[in-house]
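*Asks:* So the chains spell out like this:
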Amino acid sequence: DAKTTQPNSMESNEEEPVHLPCNHSTISGTDYIHWYRQLPSQGPEYVIHGLTSNVNNRMASLAIAEDRKSSTLILHRATLRDAAVYYCILRGRDDKIIFGKGTRLHILP
Amino acid sequence: SAVISQKPSRDICQRGTSLTIQCQVDSQVTMMFWYRQQPGQSLTLIATANQGSEATYESGFVIDKFPISRPNLTFSTLTVSNMSPEDSSIYLCSVSPQAGNEQFFGPGTRLTVL
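Quick mapping for you: the protein sequence lines, in order, are chains H and X.
So that you can map any letter, position 16 of the first sequence is 16 in the numbering used here, and since no number is skipped, the others follow by simple counting.
So that you can map any letter, position 5 of the second sequence is 1005 in the numbering used here, and since no number is skipped, the others follow by simple counting.
Think of the hints as simulated: they come from the structure by calculation, not from any bench.
Hints are supplied without guarantee of correctness; some may be wrong.
Straight-line Cα separation of at most 27 Å, DSSO-like style, residue types lysine-lysine; simulated pairs [to be verified]:
{"#": "1", "chain 1": "H", "residue 1": "K96", "chain 2": "X", "residue 2": "K1065"}
{"#": "2", "chain 1": "H", "residue 1": "K101", "chain 2": "H", "residue 2": "K3"}
{"#": "3", "chain 1": "H", "residue 1": "K96", "chain 2": "X", "residue 2": "K1007"}
{"#": "4", "chain 1": "X", "residue 1": "K1065", "chain 2": "H", "residue 2": "K101"}
{"#": "5", "chain 1": "H", "residue 1": "K69", "chain 2": "H", "residue 2": "K96"}
{"#": "6", "chain 1": "H", "residue 1": "K3", "chain 2": "H", "residue 2": "K96"}
Please read these numbers as outputs of a predicted model, since none were measured by experiment.
Let the sequences and hints guide you as you build the complete structure.
*Replies:* Okay, structure coming up:
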């Protein structure tokens, strides 16, 4: 499985945008970039996914580099409820989701 | 979307015993997965539960220790056999209703082995 690299932790102030980076230099042409998050004491939840073009949904935006070797999850206005571990995952043809260590996001009030 | 329930939600078991965890989905799904999350760690994929055939296990997990059943497209069980304290974890069921798209996770079963 292609590997992703994320910072272990990040901090952001409440009501400010957050940019969570992810490197995936060994991504293959058929891999989708998925983001999930895990709130404290809960199972993971889907955030967003994309292949080549930038994507927006009600939760976040996903900016994908032109060479697809990196991507950035953007939370436009962080709230305290966004404090979670965020996982960047490459999903290939086998459809399996393999979790890395993720980025623990702390939101400061 | 898919709503997943798991039973039991938590259990405390004695070393050497076995526990079967049930996963029920509110719609038919092709892909069903079992994960383990040890304290303070990320999730680790145990196996893919295949309907009508044997589960596909990830490296480090074997059928004798984690037998899985998948009798239909809405239900699966994971058994943790001959438990030891190292098996204390949260076990999560997950489904992918549509290949490549959103994957849904159950609430998890918190297992403590004494």
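*Asks:* Which hint numbers does the structure go against, in order from smallest to largest?
*Replies:* When the structure is compared with the hints, none of them turns out to be violated.
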